[in-house]
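Number of protein chains: 2
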Amino acid sequence: MKVIEIKKSVFADNDMDAAKLRAELRQKGVFLLNLMSSPGSGKTTTLIGTINLLKDKINVAVMEADIDGDVDAVKIKEATGIQSIQLHTGGMCHLDAEMTRQGIDNLDMEGADLVILENVGNLVCPAEFDTGASANAMILSVPEGHDKPLKYPLMFSVCDLVLVNKIDVLPYFDFDMAKCEEYVHMRNPKAEIIPVCAKTGEGLDRFAAWLLEKVKQQKSNK
Amino acid sequence: MKVIEIKKSVFADNDMDAAKLRAELRQKGVFLLNLMSSPGSGKTTTLIGTINLLKDKINVAVMEADIDGDVDAVKIKEATGIQSIQLHTGGMCHLDAEMTRQGIDNLDMEGADLVILENVGNLVCPAEFDTGASANAMILSVPEGHDKPLKYPLMFSVCDLVLVNKIDVLPYFDFDMAKCEEYVHMRNPKAEIIPVCAKTGEGLDRFAAWLLEKVKQQKSNK
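Protein chains in written order, with numbering that gives the first Met the number 0: chain Y, 0 to 221; chain D, 0 to 221.
Fair warning: there could be bad hints in the mix.
Pairs involving identical chains hold if they fit within one copy or between any two copies, as the list cannot separate such chains.
As the list claims (entries may be wrong) - Listed below are the simulated DSSO-like cross-link pairs for lysine-lysine, each with C-alpha atoms no more than 27 Å apart in a straight line:
hint	residue 1	residue 2
1	Lys178	Lys198
2	Lys56	Lys215
3	Lys19	Lys221
4	Lys56	Lys221
Simulated from the structure, these hints should not be mistaken for lab results.
Could you build the full structure based on these sequences and the hints that come with them?
Right, here's the structure in full:
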């Protein structure tokens with residue numbers, strides 16, 4: 000597995016770097032999704048199911064960011080066959096725009112339509128750094144509880160899409176979907192919410208359709 | 000609910016601050032536990048069940064650190080009746096020793112035996128900062144998966160105790176307890192592992208006994 004050891008950015012102005020990367024990607028007609036969540040919320044499994052719905056329609060690549068290990072990048076590659084690389088953050092708890100660019104520079108971008116960055120599992124720091132992505136999405140899994148938007152306000156404020164994962168175990172947890180939606184919209188009234196179960200595939204068609212639409216918009220803005 | 004807005008430390012040497020705080024607590028015979036985990040792993044529920052087993056035997060106080068909100072501190076107070084305060088980190092993803100001291104300065108420490116710091120839900124940054132606690136513990140919940148020690152090495156390296164929570168839902172998740180133990184011990188061979196279910200109370204007697212023993216040791220070291 001291709002493992003990239005990312006260096007900490009030496010540039011101070013992350014917002015400018017991010018805006019530049021976002022503009023470049025738009026010019027190329029490539030949509031970059033920054034996917035965030037807590038550790039263990041099911042990012043990789045969600046991606047595998049969704050990519051398998053998309054890979055015959057568009058060209059998708061994945062960058063897996065982790066502090067250590069390459070299990071996720073290997074899983075994605077084996078389960079979908081698409082281009083997948085591992086980014087090591089050297090202990091860093093998040094990616095910034097320059098680090099994201101280092102990842103993209105290591106991808107074969109020829110013909111790419113959609114690049115997905117699986118950020119470090121963390122509900123705090125990744126929300127503070129604009130990666131230059133075209134949009135932000137996050138996964139909240141049922142076992143984590145519906146109160147998370149109250150405790151991690153910034154994460155929910157910066158996300159365009161919230162996937163509520165592991166809905167198959169709703170009967171075993173005290174998770175109130177209506178309250179979850181209320182709290183998410185308290186942080187970001189425009190956020191879309193899609194309940195999914197990555198394990199069974201339920202709802203992933205809606206996530207795939209959302210991504211297809213975003214890719215189409217990015218191409219038309221080119 | 001008493002809510003303390005914590006200021007970011009202006010001192011550079013966190014390790015020295017931490018060692019100083021730890022020494023002071025030892026001198027007072029107070030054991031400070033730094034409890035860490037991902038968001039939603041069940042820290043507060045675990046604490047409530049465990050404190051209710053302890054509160055007639057020792058004097059316990061809790062500091063709840065969150066970026067926003069005071070739901071956890073209120074929950075602890077209502078469910079156990081013990082002293083509980085909320086620390087707001089002003090967006091910070093972790094606590095350092097000086098921030099922990101600000102919390103302790105706001106507690107009534109008269110007769111205190113055990114103080115528990117519920118750190119910000121985050122598997123990355125809190126592990127990087129010595130809070131000055133007498134010991135570190137973390138909760139890994141079953142839905143997060145048994146592979147977490149591979150991805151978040153530092154967190155598992157710095158913890159003396161790993162509670163594996165939500166064992167009631169083991170039948171619904173692909174969680175391998177033997178592999179979990181293997182991976183935890185790969186990071187820290189000395190880490191103790193206690194499987195618990197905060198919801199039903201299973202295993203919390205073992206956590207309570209572990210804490211009582213630590214408090215006893217701290218008193219004898221005084």
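Hint-by-hint comparison with the structure:
In this homomeric assembly, lysine 178 and lysine 198 come within 27 Å of each other (Cα to Cα) both inside a single copy, at 24 Å, and across copies, at 21 Å. When the C-alpha separation of lysine 56 and lysine 215 is checked against a cutoff of 27 Å, the pair qualifies only within one copy, where the shortest distance is 11 Å, while the shortest distance between copies is 64 Å. Taking the shortest Cα distances, lysine 19 and lysine 221 sit within 27 Å of each other inside one copy (15 Å), while across copies they are farther apart (58 Å). Proximity of lysine 56 and lysine 221 under a CA criterion of 27 Å is satisfied intra-copy only: 19 Å inside one chain copy versus 68 Å between copies.
Of the numbered hints listed earlier, not one is contradicted by the structure.
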